[in-house]
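Student: The lines below spell out each chain.
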Amino acid sequence: MALLKVVDLKKYFPVQRTFIDRLLAGRVDWIKAVDGVSFSVEKGEIFCVVGESGCGKTTLGKLTIRLVEPSSGKIFFDGIEITKLKSGQMRALRRRMQIIFQDPYASLNPRMKIGDIVGHGLEIHNIARGEQKKKIVLEILEKVGLSPPEQFYDKYPHQLSGGQRQRAAIARALVLNPDYIVADEPTSMLDVSVQAEILNLMLRLKREFGLTYLFITHDLAVASYMADRIAVMYLGKFVELAPKKELLTNPRHPYTKALLSAIPYPDPDHKIGEIPIKGVVPSPVNIPPGCRFHPRCPFADKICMREEPQLIEIAPNHFVACHFAEKVG
Amino acid sequence: MATTRNKLSPASLYEILKLQHIIRLPRGSEEWYTAIGFIIVMGILLMSILAPWIAPHDPTKIYVGPSLHPPSPEYPMGTDLLGMDMFSRVIWGGRILLLVALISATLSMVVGSFSGLVSGYFGGAVDRLFSIIMDSLYSFPGLILAIAITAMLGPSMMNVVIAISVIYIPTFYRMIRGLVLSIREEPFVEAAKAIGAGHITIMLKYIFPNTIPNMAVVFSLCVADAILTEAGLTFIGLGPVVPPTPDWGLDLYNGWAILISGYWWLIFFPGLFITLTVLGFALIGEGLNEMYNPLLREM
Amino acid sequence: MKDVVLSIRGLKVYYKTRRGLVKAVDNVDLDVYEGEILGLVGESGCGKTTLGLSIMRLLPSNAIIAGGQILFKGKDILKIPDEEMRMIRGKDISMIFQDPMTSLDPLMKIGDHVIETYLSHMPVKVDEAKGKTMELLEKLGIEKERVDDYPHQFSGGMRQRVVIATAIALHPAVIIADEPTTALDVVTQAQILQTLRRLRDELGSSVILITHNLGIVAQISDRVAVMYAGKIVEVGTVKEIFMDPLHPYTKGLINAVPKVSPEGGELSSIPGSPPDLINPPSGCRFHPRCPYAKEICSREEPSKKIIDGRIVYCHAL
Numbered sequence: 001m002a003l004l005k006v007v008d009l010k011k012y013f014p015v016q017r018t019f020i021d022r023l024l025a026g027r028v029d030w031i032k033a034v035d036g037v038s039f040s041v042e043k044g045e046i047f048c049v050v051g052e053s054g055c056g057k058t059t060l061g062k063l064t065i066r067l068v069e070p071s072s073g074k075i076f077f078d079g080i081e082i083t084k085l086k087s088g089q090m091r092a093l094r095r096r097m098q099i100i101f102q103d104p105y106a107s108l109n110p111r112m113k114i115g116d117i118v119g120h121g122l123e124i125h126n127i128a129r130g131e132q133k134k135k136i137v138l139e140i141l142e143k144v145g146l147s148p149p150e151q152f153y154d155k156y157p158h159q160l161s162g163g164q165r166q167r168a169a170i171a172r173a174l175v176l177n178p179d180y181i182v183a184d185e186p187t188s189m190l191d192v193s194v195q196a197e198i199l200n201l202m203l204r205l206k207r208e209f210g211l212t213y214l215f216i217t218h219d220l221a222v223a224s225y226m227a228d229r230i231a232v233m234y235l236g237k238f239v240e241l242a243p244k245k246e247l248l249t250n251p252r253h254p255y256t257k258a259l260l261s262a263i264p265y266p267d268p269d270h271k272i273g274e275i276p277i278k279g280v281v282p283s284p285v286n287i288p289p290g291c292r293f294h295p296r297c298p299f300a301d302k303i304c305m306r307e308e309p310q311l312i313e314i315a316p317n318h319f320v321a322c323h324f325a326e327k328v329g
Numbered sequence: 001m002a003t004t005r006n007k008l009s010p011a012s013l014y015e016i017l018k019l020q021h022i023i024r025l026p027r028g029s030e031e032w033y034t035a036i037g038f039i040i041v042m043g044i045l046l047m048s049i050l051a052p053w054i055a056p057h058d059p060t061k062i063y064v065g066p067s068l069h070p071p072s073p074e075y076p077m078g079t080d081l082l083g084m085d086m087f088s089r090v091i092w093g094g095r096i097l098l099l100v101a102l103i104s105a106t107l108s109m110v111v112g113s114f115s116g117l118v119s120g121y122f123g124g125a126v127d128r129l130f131s132i133i134m135d136s137l138y139s140f141p142g143l144i145l146a147i148a149i150t151a152m153l154g155p156s157m158m159n160v161v162i163a164i165s166v167i168y169i170p171t172f173y174r175m176i177r178g179l180v181l182s183i184r185e186e187p188f189v190e191a192a193k194a195i196g197a198g199h200i201t202i203m204l205k206y207i208f209p210n211t212i213p214n215m216a217v218v219f220s221l222c223v224a225d226a227i228l229t230e231a232g233l234t235f236i237g238l239g240p241v242v243p244p245t246p247d248w249g250l251d252l253y254n255g256w257a258i259l260i261s262g263y264w265w266l267i268f269f270p271g272l273f274i275t276l277t278v279l280g281f282a283l284i285g286e287g288l289n290e291m292y293n294p295l296l297r298e299m
Numbered sequence: 001m002k003d004v005v006l007s008i009r010g011l012k013v014y015y016k017t018r019r020g021l022v023k024a025v026d027n028v029d030l031d032v033y034e035g036e037i038l039g040l041v042g043e044s045g046c047g048k049t050t051l052g053l054s055i056m057r058l059l060p061s062n063a064i065i066a067g068g069q070i071l072f073k074g075k076d077i078l079k080i081p082d083e084e085m086r087m088i089r090g091k092d093i094s095m096i097f098q099d100p101m102t103s104l105d106p107l108m109k110i111g112d113h114v115i116e117t118y119l120s121h122m123p124v125k126v127d128e129a130k131g132k133t134m135e136l137l138e139k140l141g142i143e144k145e146r147v148d149d150y151p152h153q154f155s156g157g158m159r160q161r162v163v164i165a166t167a168i169a170l171h172p173a174v175i176i177a178d179e180p181t182t183a184l185d186v187v188t189q190a191q192i193l194q195t196l197r198r199l200r201d202e203l204g205s206s207v208i209l210i211t212h213n214l215g216i217v218a219q220i221s222d223r224v225a226v227m228y229a230g231k232i233v234e235v236g237t238v239k240e241i242f243m244d245p246l247h248p249y250t251k252g253l254i255n256a257v258p259k260v261s262p263e264g265g266e267l268s269s270i271p272g273s274p275p276d277l278i279n280p281p282s283g284c285r286f287h288p289r290c291p292y293a294k295e296i297c298s299r300e301e302p303s304k305k306i307i308d309g310r311i312v313y314c315h316a317l
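Protein chains in written order, with the working numbering: chain X, 1 to 329; chain Z, 1 to 299; chain S, 1 to 317.
Watch out, some of these pointers could steer you wrong.
Lysine to any residue pairs mimicking SDA-like chemistry, simulated, CA-CA at most 20 Å apart [stated by the list, open to error]:
(1) Z:61 / Z:27
(2) X:278 / X:289
(3) X:74 / X:53
(4) Z:193 / X:106
(5) S:132 / S:99
(6) S:109 / S:64
(7) X:155 / S:108
(8) X:271 / S:29
(9) S:139 / S:149
(10) S:239 / X:204
(11) S:304 / S:29
(12) S:139 / X:279
(13) X:257 / S:260
(14) S:239 / S:35
(15) X:244 / S:262
(16) X:271 / S:82
(17) S:259 / X:270
(18) X:271 / S:108
(19) X:257 / X:300
(20) S:144 / X:300
(21) Z:193 / X:257
(22) Z:61 / Z:40
(23) X:10 / X:82
(24) X:84 / Z:82
(25) X:278 / S:29
(26) Z:193 / X:70
(27) X:271 / S:304
(28) X:43 / X:278
(29) X:206 / X:164
(30) X:278 / S:194
(31) S:259 / X:248
(32) X:10 / X:278
(33) X:245 / S:261
(34) X:43 / X:283
(35) S:132 / S:156
If you are wondering where the hints come from, they were derived from the structure by calculation, not from laboratory data.
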C-alpha cells in the first residue's frame, strides 16, 4: 500500500511587490514552485527527487508533511487525507512524518543542548519526560553514531562538527519513531568523506527501523546510490519517473539525458562531451507555455510550444512527460 | 608560571582561578570594554548600596561645614549653599537615579520585547497595528516625550518611571521584532514545527532565547540613556526628587544657578559621576555588542 | 619536459584568531608547470583557498605569512613591494572566484569590467580596449552587443564567463580558479569546464583549479595535488591519482565519492573529522583517521617521497 500519495499538488507563492508596484501593476505574479505533481511512495522505499536548485523539490518535500500549506491538491498519508485535517489532528500525526534539513548549522537551535533538541518531541507528544526521556534519547544518540551518548547529550550545537550535527538532526527525526522521513539534501553541505558516512547511516537506519524516505538531492550520483525510484523535477513538475536502474540506463526525457551527460564523473577516462541543451533555467515566474522545457530542448517541435505533455507510462513503471519520448530513446 | 609558596598572593590566586577556567584576562578590545564597564558599574552600585556605611556625613544635614566651601581635605568635594557635605551627597546621590533607570529599563524591556515577539511572530493585522503605534512613539525625541508625560501625570516617582519606560519601549520592540522576523525563517524553527511544537512553545523555547544576547546589549545602552534622561528631567525641575534628597541631578539643578559665581565643585562632581555611570553601562553594552555582532572582519 | 612557471617552497600561512593561531597552510611545496591544469583538491578547511589567495597576495588582514617563498619569473613574489605585485596581479597571475553574483560590481557594465583590466595594465585607448573586450566576450559565448549590459541582466553562468574574461584578458601565465563552478547548476558547470579546457589549449596559460569536487578535477585536470589539514599529501597525474592513489587519505577520498552507476558499490568513508588547525595532531596530521597508521606516524611528520615520479608524504609507503 502506498504510504504517501500526492495528487495534483500545487504551491504558488505570490511575488513580493512594493505597494506602488501593486497599485500600478494591478495583477499579482506567482512563483509556481510546485505546479501539479502526482506520485505515491510505497512503504519501505527510498523515493528520490532529483533536480537543480529552484526546481521546487525542497518545497515539494515540505508540502508532503504540510510544513508548507499547499495551494491546491491532495495529500494522503497512510490512507488519511491530511490536507483536510485541522492543526490539532495534524499535530498528532506529525509523529509519524519527520524531516531532516540541508543545513546542519541552521537546523539545530543554538540555545538548546543536543539532548533537549533531540528529546523535545518526546515531551511535546507526552511520550516521556525527565529520566525516561533521557534514556530514550541516549539510546537514539548511540544509534546514530554519537558515541559516547552521555557526552553529546549535554553539548551545544556549536561544539559539534557538521557531520555530528547532521547525526543529531537524524536522531531528532528518529526519536518519535516515524514511518516516513523527508531528507532534504541532507549531505550537500557536508564534506565528501562525511557525506559517505551519513548516507550509509541513513541506509542502515532505514533497514533497522523500517523507514520510508523521500530523498531530495541535486546530485544524481547520490540519488543513484540511495534510490529505489528516481523522479526528475524541472520547474515545478516531474519530467521523468522510473526505477533507478531503468532511469540511469534508459533515460527518455531530454532533460534527464542532459543531466546525466553533464555530471562530472570522478574518472579521468570518462570525459563529458557536448551537452545537448542550450540556455538556462527560466524563472519560475515566467514558465514557458506548452512543455516548460521546450526553449532548451533539441527535439522541440510545434506541438511542444502549444501543449503541455502529461506524465505517461511508456514502459513498466517508467513515466515520461514528453511528446517525443519514444523518439528520444 | 611562578606561584609564591604558602602565600596566597593575588598573582597566585589569579593563576589558580585561571587554571580552573573561572576567570581569565580579557582578550581583545570588546572584552576589555565589557570588563571595564562592568568594574565601573559594580563600583558605583556598591557605592550606592553601601552609602549609609561609607558616607562620612549625613547628606541631608545642613551646615555640617561652612557654606560654599571649596574642596579641601576635610570636605573632599566641598560643601554647598547650605553647608551640606558634597562628598556624602555624591556617595548617596546615585541611588534614586540608578533605581529609576534600572526599573524603567526593565519595564521597557518587558513590554517592548513581549510585543515585539508577538508582533514579529504572528505578523498580520496585529503587527501592523503595533508597528504604527511604536513608530509614532519612536519618532518623539526622548526627553521631550518624558517631559510631556511627566507634565501630564505629575512629577511623582512612579510617573517618572512610566514616562521614561515609554521612551524605550519602541527601541526594544523594533529590535526584537526584527530579530524574530529573521529567526522565524530559520530551519531550526521549521524543525520545531515538524516535531509538533505549538506557537507558544516555539516562541518561548526556540525564538526568544536567541534574542537574549541582543537584549542584553540594548538593555545596557538603555540604562545609560535612561540615566541621562532622568538627570535631564531633574535638571529642568521635573524630576522625582525634592530637596534635600541627595541626587546628582538635583545637585546639578541647584548648583547650576550659582555656577556663574565660580562654585564649580557643586556641579563638577555630580556631573562627573553621572558621566561615569553612563559610561560604564555604555561600555558594557558596546562590548557585548562587539562580542555578539562583531563588525565584519575580512575572512 | 615542461618548464615550471610557479614554484612554492615551504609556504606557511597562519591566521590570527581569538582562539589562537590557525595553521592554515603549513610548509607546502608545490610546482606548477607551463600550460597545465593543476587540480588542487581537499575538503573544507584543508587550506587550498588560503594557498590560492597567498599566490595572489590577497590574504585578509589577520593572516601572516610565516615563512616560505613563491617563485614566479625568477622572483619571490612574497617579498616584492605592493606596487610591483599590483602589476603582476591581473596581468601575469589572475584569479576567478567562486560566486559570480558577488564578483562583479552590480553598478558597472560587464564590458567595463574587462575594459578596466586592459586600461590598468596596458597603454591602450578606451576604444581599442572596448574592441578587444567585445572580441573576448564573443569568444566566451557572450554576444558582443551585450557589452553595455549590467550583471543583473545575466544568469550565473554568463556572469562567470564575464569573470573569466577579466581573468584571461591579458593572457596571464597563471590563472587561479577557486571553486569556479560550485555556485552553478550542473549543466552550466559542464559548459564552463569545457570553456576552461578550451582556453588552456588556446592560450597556453596554466590553471590552478581549486575545488573539493573530485568529479570536475577528473574532468579537466592534468595533474592533481591533494591537500589535508594545511599540508600537501600527494601529487600526481590525474590518471595516477584516480586509478592508483597512494596516500591513505587520497584512497579514502576517492572511495567516498558516489558515482552514477546502476549497480551500487558500497561507499566507504573516512572515520573521524578534519583536525583543529590550532592544535593539529602531532606527527602526520592524518594519523588519527588512518587505517595504516604506525607508531612513527604519531611522532614524526612524513617527509617528501618520490615514488615513480609521484610525490607522496606518508610513512607507510
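Student: Decide if the proposed pair is consistent with the structure: residue 193 of chain Z and residue 70 of chain X, CA atoms, cutoff 20 Å inclusive.
Tutor: Holds, at about 16 Å.
Student: Has the given pair, residue 278 of chain X with residue 289 of chain X, been kept, meaning a C-alpha gap of at most 20 Å?
Tutor: holds (17 Å)
Student: Sort out whether residue 99 of chain S lies within 20 Å of residue 132 of chain S, counting only the CA atoms.
Tutor: violated (25 Å)
Student: Take the C-alpha atoms of residue 278 of chain X and residue 29 of chain S, compute the straight-line distance between them, and say whether it is at most 20 Å.
Tutor: Measuring from Cα to Cα gives roughly 42 Å; hence the hint is violated.
Student: Next pair to validate is residue 43 of chain X with residue 283 of chain X; report whether the Cα-Cα distance is within 20 Å.
Tutor: violated (35 Å)
Student: Does the alpha-carbon distance linking residue 193 of chain Z and residue 257 of chain X stay inside the 20 Å limit?
Tutor: violated (38 Å)
Student: Hinted pair, alpha-carbon criterion (20 Å max): residue 239 of chain S, residue 204 of chain X. Please report holds or violated.
Tutor: violated (33 Å)
Student: What's the verdict on residue 43 of chain X and residue 278 of chain X, does the C-alpha distance respect the 20 Å limit or exceed it?
Tutor: Judged against 20 Å, a Cα distance of about 39 Å means the pair is violated.
Student: Can the restraint linking residue 132 of chain S and residue 156 of chain S be considered satisfied, given a maximum Cα separation of 20 Å?
Tutor: violated (23 Å)
Student: So if I understand the rule, the pair passes when the alpha-carbon distance is 20 Å or less; does residue 74 of chain X with residue 53 of chain X pass?
Tutor: violated (25 Å)
Student: Please work out if residue 10 of chain X and residue 82 of chain X have their alpha carbons no farther apart than 20 Å.
Tutor: holds (15 Å)
Student: Starting from residue 139 of chain S, check that the Cα of residue 279 of chain X is at most 20 Å away, please.
Tutor: holds (17 Å)
Going down the numbered hints, you'll see the structure goes against 1, 3, 5, 6, 7, 8, 10, 16, 18, 20, 21, 22, 24, 25, 27, 28, 32, 34, 35, while the others check out.
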